[in-house]
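Could you put the whole structure together from the sequences, leaning on the hints where they help?
Now for the letters of each chain:
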Amino acid sequence: AQKVTQTQTSISVMEKTTVTMDCVYETQDSSYFLFWYKQTASGEIVFLIRQDSYKKENATVGHYSLNFQKPKSSIGLIITATQIEDSAVYFCAMREGWASSSFSKLVFGQGTSLSVVP
Amino acid sequence: EAAVTQSPRSKVAVTGGKVTLSCHQTNNHDYMYWYRQDTGHGLRLIHYSYVADSTEKGDIPDGYKASRPSQENFSLILELASLSQTAVYFCASSDDWGGAQTLYFGSGTRLTVL
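From first to last, the protein sequence lines stand for chains A and B.
Heads up: the first sequence is residues 1 to 118, going by my numbering.
Heads up: the second sequence is residues 1 to 114, going by my numbering.
Warning: the hint list may mix true and false statements.
To be verified - Dumping the calculated DSS-like pairs for lysine-lysine here, alpha-carbon to alpha-carbon at most 30 Å:
#1 LYS11(B) - LYS105(A)
#2 LYS11(B) - LYS38(A)
#3 LYS18(B) - LYS105(A)
#4 LYS38(A) - LYS56(A)
#5 LYS57(B) - LYS105(A)
#6 LYS65(B) - LYS38(A)
#7 LYS57(B) - LYS3(A)
#8 LYS105(A) - LYS65(B)
#9 LYS56(A) - LYS105(A)
#10 LYS57(B) - LYS38(A)
#11 LYS3(A) - LYS65(B)
To be clear, the hints were calculated from the coordinates, so they are not data collected in a lab.
Here it is, written out as structure tokens:
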């Protein structure tokens, strides 16, 4: 069964610095999709960035980028030039490919709370 | 912009009572999901659906039923609410792109069972 683990419960960083949040996953499938979502203080959950398992290049969107290490089953989220408004809870998630019997399911990690301080 | 609306925003229920959480999406998405959020557990999938009149069990379906009467609507039903079901519930919808699709979440329903 697929599983996603985020071991960092909370992180605090200074504004304008770079932070990396870790995520490891387990899957038997050769094709899968990895996602990062952000939950703001208001509770809103929004999609940030996606990595497809068959792509070697790391995905980048704005000041978010991924560190995809397939042999280690690891997908880290990197936020550069952090801003106060980046303070939120970040969830890693995985969905197996269409060939999997559970491909409709998006499984989330426990989340990492990021605090960006001035 | 995708729109997923949940109702109510919050609810207090009594143990043993019946609770229905509603979700409505205007995105024309095939897939809809119910997740539960508890501190320290992230988001856990309760039920999901990829077509009207059909629902599938997620990872923690016990104590919950789901209903998808139309493409737009997806309900979560607690027939006999229990204290352990106190949590925040999120509904989400997505398109079917073979796995790469992203989820659009509602604002959540905070359920307190007393």
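A quick look at each hint next to the structure:
At roughly 27 Å between alpha-carbon atoms, LYS11(B) and LYS105(A) fall within 30 Å of each other, so this suggested pair holds. Straight-line distance between C-alpha atoms of LYS11(B) and LYS38(A) comes to about 25 Å, which keeps the hinted pair within the 30 Å bound. Restraint check: the Cα-Cα separation between LYS18(B) and LYS105(A) comes to about 27 Å, which is no more than 30 Å; the hinted pair holds. For the proposed pair LYS38(A) and LYS56(A), the alpha carbon gap of about 24 Å is at most 30 Å, so the pair holds.
Only pairs whose Cα atoms come within 30 Å are accepted, and LYS57(B) paired with LYS105(A) is accepted, the gap being roughly 10 Å. Between LYS65(B) and LYS38(A) the CA atoms are separated by roughly 28 Å; this keeps the pair inside 30 Å, and the hint holds. Proximity of LYS57(B) to LYS3(A) is assessed by CA-CA distance (about 17 Å); at most 30 Å being required, the pair is judged to hold. Distance check on the hinted pair: LYS105(A) and LYS65(B) sit about 17 Å apart at the alpha-carbon level, within 30 Å; holds.
Between the alpha carbons of LYS56(A) and LYS105(A) the distance comes to roughly 24 Å, so the proposed pair stays at or under 30 Å and holds. Between LYS57(B) and LYS38(A) the CA atoms are separated by roughly 25 Å; this keeps the pair inside 30 Å, and the hint holds. For a cut-off of 30 Å, the pair hint linking LYS3(A) to LYS65(B) stands: about 24 Å separates their Cα positions.
Violation of the numbered hints given earlier is absent; every hint is satisfied by the structure.
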